[in-house]
Every structure is written in C-alpha cells, then in structure tokens.
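Here the structure of chain H is known, so what remains is to put chain E in place on it, guided by the hints.
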Amino acid sequence: QKEVEQDPGPLSVPEGAIVSLNCTYSNSAFQYFMWYRQYSRKGPELLMYTYSSGNKEDGRFTAQVDKSSKYISLFIRDSQPSDSATYLCALMQGRRYSSASKIIFGSGTRLSIRP
Amino acid sequence: DAGVTQSPTHLIKTRGQQVTLRCSPKSGHDTVSWYQQALGQGPQFIFQYYEEEERQRGNFPDRFSGHQFPNYSSELNVNALLLGDSALYLCASSPSRGLNEQFFGPGTRLTVL
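Residue numbers (my numbering), protein chains in the order written: chain H, 0 to 114; chain E, 277 to 389.
One chain only, chain E, in its complex shape:
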C-alpha cells in the first residue's frame, strides 16, 4: 500500500499565477481533505471531497478550489497567488465511515515569490 501520495513535492510560483496540486488517497479511502500548514503552525482545513462533491469548507477564499475524480484522487487549485499562500499543502484521506482517521501525504511545499 503506497499510502497517500502528493505531487509535486516542491513548487515555486510568482504572485498572480495559478497552481494545481494533486493527491492520490490511500487504498480503500474515498474521502479527501486538503489542509494548509504555515511554518510553525498546525494544519488549517481548506475543504473536503466525497463522491466528487465538496462536502464542507474552511475559512478560505474562493481562489481555492478543488476537484475529486471518480478514482477518488483529488486536485487543489489556487488562483491569483499571494505571498501569503506560501505554505505546506497537505492532503489527507479517510474512509467515509471514519473521518477521524485521516492519513496524510507528505505534502507539497509551495513558495510564492
């Protein structure tokens, strides 16, 4: 079992650009959640996907959007990047019947210059 995988590992963008991050969930998991983790902080919930629909959302602007595919993999898109979007973006997968058992991927480190 490969666990949760994310790509790319690192990314450098400039202000105003757009970025797409990708996540493949752990085998047997159908729910994907995305988090933003700033340096020295705990992860902050962005949104959660199940059955290809956004089920709930944290306090993030509409510049943050996502998608889930039929094979449960997911994308996070961020438009009009700001310097403050620089962070580690984490994907977590879980079974729909056990949302408290979230398994995290290694993250994508995004740097916005």
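If we strip away everything but chain H, and leave its shape as in the complex, we get:
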C-alpha cells in the first residue's frame, strides 16, 4: 500500500465551479500537510500547509485535514482557467532533521478549468 494515495484525474470543471481535490494516507504519524501546484514543465509551487487537523483558508483556497480519517482536501472556490495545473498533496512527520522530515508526495491530480 502506498503511503499517500491521490486520484490522478484528469478533472475538468467549468470556470467558477468549486473544486475538491483529495488525498488519503496510511501513516498516522504525519503531522504536516502541504498542497503544491505544478504547471506544465515547471517546479511545484507551495500553496499552503496545515499542521495537524483542521481547516486553513487563503483567498480562494481552503485546506482541510481530518487525521481521524487520514484524509486531506483542498478546495478551490470560484475556479479560474489559470488554476489549470497539477495539484500535489505532500505530507511530512516532523520538521527537524530525521527520517521523519522527508516529504512524501502524492502522484498529483491534473485539473483543467474550462472557460
């Protein structure tokens, strides 16, 4: 079983729709949960990170973590064509130098916003 599972998509929605992107994970030791956006042929860009359970909002983006279910989500409101990209979830156990500070990435979900 992979440590992180992410639906690869592709996911296509009309402009203005609410988008929900999700990941599940198996290791309950993960404490840091990140979302990255990656445009074609570019490096990943950190969108936001959450520590432990709960919600975090940044503009049109909301990250949600449910540690009891081992399930994380990213919601995009009022989606725009410029949001078309691959979205990667990423998890880490701890922030200090140890094997726990490796970042484990999902395989990414390709998102397309239709004008």
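In silico DSS-like pairs for lysine-lysine, Cα to Cα no more than 30 Å straight-line:
(1) Lys-302/E to Lys-101/H
(2) Lys-289/E to Lys-41/H
(3) Lys-41/H to Lys-302/E
(4) Lys-55/H to Lys-1/H
(5) Lys-55/H to Lys-302/E
Take a look, some chain H residues computed to stay more than 12 Å from chain E by CB distance:
(6) Ile-17
(7) Ser-19
(8) Pro-114
Please keep in mind that the hints were generated in silico from the structure rather than gathered at the bench.
The model shown is predicted, which means the values in this text are computed figures rather than measured ones.
Just so you know, even glycine gets a beta-carbon here, dropped at the ideal spot from N, CA and C.
Chain E in isolation, oriented as in the chain H frame:
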C-alpha cells in the same frame, strides 16, 4: 529574490555517462533537498543536505550522490546513467527550522538515450 535556481535546464546523456546538476537555494535558506519526478508522478525524495552533510536519504542507489557548498548551493551527481534515470530533477530549499516549507526550483530535465 531570485528564488531557487537550477542549471542546466535540459540535458541529454547516453547510458553509462555521468551527470552533474546544480542548485542555488532561495536567499535565507540553508537546507537543500533533491527530488526525482518521473512523468505523471509526484516527486520522489533523493536526499537532503544541511551544513554540508547529507542528513537523510531516500531509496536511491549509491550512483546518486551529492554535495553542499559553504554558500548552501548544492550539486547532484548521477553515475553510470540508466534509461530509467530520465526524469525531471528538482531541487528544493528550506530554512532548517521549517523543513515543511520547501520551495522548488524549475528543475532540470534529464534525458538518457
């Protein structure tokens, strides 16, 4: 702030050759991590450098080695290239007190023929 920079942008090598990729971290960052990203996959952790030492390593063979310099820049070396080493190689930098806040460079696309 130039952010994380990597060179070269693209590289074509043949099997058995050796390659060196370079990375300059974001200003204020002292930790550099390297990742391999195959097409359609998420990045896979190769190793991480801090204070010029390899701090941790992913499941990659010894053909993959690295170095960090006193100015925090870093190199990734791959020996005896295989076709399967063709991928996007990403460098990410972070502050040592916030390893979860990794900022990525644009990557080096390596093609092995």
